[in-house]
Amino acid sequence: MKYLEAIGKYFIMVYEVFKKPTKWPIMRSLILKEIDELIFGSLGIIIFISFFIGGVVTIQTALNLNSPLIPKSLIGFATRQSVILEFAPTFTSIIMAGKVGSYITSSIGTMKVTEQIDALEVMGINSVNYLVFPKIIAMLAYPFAVAIAMYVGILGGWVAGTFGGYAPSGEFVKGLQLDFIPFHITYSFIKTVVFAFIIATIPSFHGLYMKGGALEVGKASTTAFVWTSVVIIISNYILTQLLLG
Amino acid sequence: MIEVENIHKSFGDTHVLKGISTTFEQGKTNLVIGQSGSGKTVFLKCLLGLFEPEQGNICYNGKYYADLSTDQRRDLRQEMGMVFQGSALFDSMTVEGNVMFPLDMFTRQTKAEMQDRVDFVLERVNLIDAHKKFPSEISGGMKKRVAIARAIVMNPKYLFCDEPNSGLDPKTAILIDNLIQEITKEYNITTVINTHDMNSVMEIGEKILFLKDGFKEWEGTNKEIFKTDNEAVTNFVYSSELFKKVRQMYIEERN
Chain A
1 MKYLEAIGKY FIMVYEVFKK PTKWPIMRSL ILKEIDELIF GSLGIIIFIS FFIGGVVTIQ
61 TALNLNSPLI PKSLIGFATR QSVILEFAPT FTSIIMAGKV GSYITSSIGT MKVTEQIDAL
121 EVMGINSVNY LVFPKIIAML AYPFAVAIAM YVGILGGWVA GTFGGYAPSG EFVKGLQLDF
181 IPFHITYSFI KTVVFAFIIA TIPSFHGLYM KGGALEVGKA STTAFVWTSV VIIISNYILT
241 QLLLG
Chain B
1 MIEVENIHKS FGDTHVLKGI STTFEQGKTN LVIGQSGSGK TVFLKCLLGL FEPEQGNICY
61 NGKYYADLST DQRRDLRQEM GMVFQGSALF DSMTVEGNVM FPLDMFTRQT KAEMQDRVDF
121 VLERVNLIDA HKKFPSEISG GMKKRVAIAR AIVMNPKYLF CDEPNSGLDP KTAILIDNLI
181 QEITKEYNIT TVINTHDMNS VMEIGEKILF LKDGFKEWEG TNKEIFKTDN EAVTNFVYSS
241 ELFKKVRQMY IEERN
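Chains as they are written, first to last, in UniProt numbering: chain A, 1 to 245; chain B, 1 to 255.
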C-alpha cells in the first residue's frame with residue numbers, strides 16, 4: 001500500500017512538473033546550469049569508466065575465444081555489441097544514478113529541510129516545475145554523453161586488444177564493422193532517453209517528498225539511488241523485450 | 001486584513017488546530033504566541049496557504065481562500081511575504097540574487113529598475129555592503145535582514161514571520177523587531193509574527209493571540225497581557241524570573 005501511494009505521488013509530481021511553467025528567461029538559465037552540472041560535470045567519470053570497461057570486455061572476450069578456428073575479428077565484434085547494446089547505455093546510467101541521482105536528491109532534500117521549497121511556494125512559484133523541469137530537459141543531452149561512452153568504450157577495447165596483443169588492429173576493426181545493424185544504435189538511444197527521464201525524476205521525487213533533517217537527506221539519497229537503479233534495470237528488460245525481442 | 005473563521009487542521013489522528021477564529025488588522029504587528037507544539041507554525045502555514053484547513057475559512061481583504069482557483073491562490077501568494085525561522089535564503093544565490101529573485105520572476109522590470117529596487121530594500125534593512133556575498137558568508141542577523149528584504153521587495157500586502165528572533169542575540173533581536181514594526185507601519189502591511197520571545201510581545205505586540213493545545217486561549221494587546229488573569233497566559237508569559245518580578249512590581253504599583 002505504501003509503495004502504491006508512492007507510485008501515485010510520483011506520477012502526480014510528474015504531472016505537476018509540466019503545470020504553471022516558470023518564466024522562460026529564468027528557465028533557460030536554469031536548464032543551461034543543469035546541463036553544465038548534470039552532463040558536463042559527469043563526462044570525466046563517464047569517459048574514464050567507459051574506456052576501461054571497453055578494455056576489460058575485449059580482454060575477457062579474447063581470453064574466452066582460444067580456439068584457432070574462431071577469427072580474432074570476433075573480439076572486435078563482441079566488444080562493439082556489448083558496449084553499444086549494454087555497457088554504454090545501461091552501465092553508464094547506473095553510474096549516473098549514483099552520481100547525478102544522489103546530487104539531485106541531496107540538493108532538493110536540503111532545500112526542503114531548510115524551507116527553501118516552502119519559500120518558493122509562498123512566492124507563488126510552482127516549485128516542482130522550477131526544480132525538476134530543468135533537470136528533465138538537461139538530461140535530454142544525456143544521449144550525447146552515452147554516444148561519447150560508446151566511442152570511448154570501443155576505443156578502450158581497441159587499445160586493450162591491439163596493445164595487449166589479443167587482436168591485431170586490422171582484425172579488431174574488421175570485427176567492429178561486421179554485421180552492423182543500425183537499429184541497435186536507435187535501440188540504445190531510446191533506452192538512454194528513458195533512463196535519462198528516470199534519473200531526473202526519481203531522485204527529484206525522493207528529495208521533494210522527504211521528511212526530517214540532515215540525516216534523512218543522506219538516507220533519501222541512498223533510497224533514491226536504489227530505486228533509480230531498480231527502475232532502470234526493470235525498464236531495460238522491458239525495452240529490450242519490446243524493441244529487440 | 002485577514003479574518004480567520006473557525007479553522008481546524010489535523011495530521012492523521014492528531015488534531016492540531018481546533019477551531020481558531022481571529023482577525024489580524026492591516027498596519028498592525030499581530031503576534032501569535034504559545035508553547036512549542038501549541039499549533040503556531042501549523043496556524044501560520046494555514047495562513048500562507050501551505051496547509052489547507054479541513055474546516056473553516058480564511059479571508060484575505062474580502063477574498064475567501066477556499067473559493068479561489070489554483071491560479072488565483074498563486075496570485076494571492078504573490079501578495080504575501082514570508083520570513084522563515086531559518087531565513088530560507090537560496091544558497092546558490094548571492095544576497096542581491098535572493099532579493100532580486102521575486103522581481104525577476106514576477107515583474108517585467110528592466111535590470112536597472114530591479115537593481116534600484118534591490119538597493120533600496122537592502123538599504124531599508126540596513127544592509128549596505130553585503131550585495132555580492134552568499135548566505136553562507138553572512139551572520140544570522142544579516143540573513144534575517146536579507147529574508148525581510150526579500151519578503152518586502154514586491155510590496156506585499158501581508159507579511160508573515162516565523163520566529164524572526166530565534167538564534168539572535170538580544171540586541172539584534174530588538175533591531176529585527178523594530179525593523180518589522182517600522183516596515184508594517186510604513187507600507188501599511190498586515191503582519192503576523194509567530195514568536196516565543198517575550199521582549200517582542202512587550203515591544204511590538206499590538207495584537208497578541210495566545211494558542212494552547214490548538215485552541216485560542218486568549219487574545220489582546222501587549223498592555224492587556226500585563227493585566228490578564230488568564231492562568232495559562234500568565235504561566236507562559238511570566239515563566240522567567242525576570243518577568244515574574246516585572247509583574248510583581250506592576251501589581252504592587254497598581255495596588
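If you are wondering where the hints come from, they were derived from the structure by calculation, not from laboratory data. The C-beta atom is built at its ideal place from N, Cα and C for all residues, glycine as well. Check the hints yourself; a few may be wrong.
What the hints assert, rightly or not - Within a straight-line C-alpha distance of at most 16 Å, the following computed EDC-like cross-link-like pairs (lysine to aspartate or glutamate) qualify:
hint, chain 1, residue 1, chain 2, residue 2
1, B, 227, B, 253
2, B, 244, B, 231
3, B, 63, B, 75
4, A, 20, A, 115
5, A, 33, B, 163
6, B, 185, B, 25
7, B, 18, B, 75
8, A, 19, A, 115
9, A, 20, B, 75
10, B, 45, A, 115
11, A, 99, A, 36
12, B, 171, B, 203
13, B, 132, B, 91
14, A, 23, B, 224
15, B, 157, B, 54
16, B, 45, A, 118
17, B, 216, B, 67
18, B, 185, B, 206
19, B, 45, B, 224
20, A, 23, B, 229
21, A, 19, B, 71
22, B, 63, B, 79
23, B, 111, B, 96
24, B, 45, A, 121
25, B, 132, B, 186
26, B, 207, B, 224
27, B, 45, B, 104
28, A, 19, B, 75
29, A, 20, B, 203
30, B, 18, B, 5
Said to hold, decoys possible - Which chain B residues stay away from chain A? Per the calculated CB distances, all over 10 Å, these:
hint, residue
31, 22
32, 71
33, 75
34, 77
35, 78
36, 82
37, 85
38, 86
39, 90
40, 102
Hint by hint, here is what the structure shows:
no.: 1; hint: B/227 / B/253; in the structure: holds, 12 Å
no.: 2; hint: B/244 / B/231; in the structure: holds, 13 Å
no.: 3; hint: B/63 / B/75; in the structure: holds, 12 Å
no.: 4; hint: A/20 / A/115; in the structure: violated, 21 Å
no.: 5; hint: A/33 / B/163; in the structure: violated, 34 Å
no.: 6; hint: B/185 / B/25; in the structure: holds, 12 Å
no.: 7; hint: B/18 / B/75; in the structure: violated, 28 Å
no.: 8; hint: A/19 / A/115; in the structure: violated, 22 Å
no.: 9; hint: A/20 / B/75; in the structure: holds, 12 Å
no.: 10; hint: B/45 / A/115; in the structure: holds, 12 Å
no.: 11; hint: A/99 / A/36; in the structure: holds, 14 Å
no.: 12; hint: B/171 / B/203; in the structure: holds, 13 Å
no.: 13; hint: B/132 / B/91; in the structure: holds, 13 Å
no.: 14; hint: A/23 / B/224; in the structure: violated, 48 Å
no.: 15; hint: B/157 / B/54; in the structure: violated, 25 Å
no.: 16; hint: B/45 / A/118; in the structure: holds, 9 Å
no.: 17; hint: B/216 / B/67; in the structure: violated, 25 Å
no.: 18; hint: B/185 / B/206; in the structure: holds, 12 Å
no.: 19; hint: B/45 / B/224; in the structure: violated, 27 Å
no.: 20; hint: A/23 / B/229; in the structure: violated, 54 Å
no.: 21; hint: A/19 / B/71; in the structure: holds, 11 Å
no.: 22; hint: B/63 / B/79; in the structure: holds, 12 Å
no.: 23; hint: B/111 / B/96; in the structure: holds, 12 Å
no.: 24; hint: B/45 / A/121; in the structure: holds, 11 Å
no.: 25; hint: B/132 / B/186; in the structure: violated, 27 Å
no.: 26; hint: B/207 / B/224; in the structure: holds, 10 Å
no.: 27; hint: B/45 / B/104; in the structure: violated, 25 Å
no.: 28; hint: A/19 / B/75; in the structure: holds, 15 Å
no.: 29; hint: A/20 / B/203; in the structure: violated, 42 Å
no.: 30; hint: B/18 / B/5; in the structure: holds, 11 Å
no.: 31; hint: 22; in the structure: holds, 21 Å
no.: 32; hint: 71; in the structure: violated, 8 Å
no.: 33; hint: 75; in the structure: violated, 7 Å
no.: 34; hint: 77; in the structure: violated, 4 Å
no.: 35; hint: 78; in the structure: violated, 4 Å
no.: 36; hint: 82; in the structure: violated, 4 Å
no.: 37; hint: 85; in the structure: violated, 7 Å
no.: 38; hint: 86; in the structure: violated, 6 Å
no.: 39; hint: 90; in the structure: violated, 6 Å
no.: 40; hint: 102; in the structure: violated, 6 Å
Of the hints listed earlier, those the structure fails to meet are numbers 4, 5, 7, 8, 14, 15, 17, 19, 20, 25, 27, 29, 32, 33, 34, 35, 36, 37, 38, 39 and 40, in rising order.
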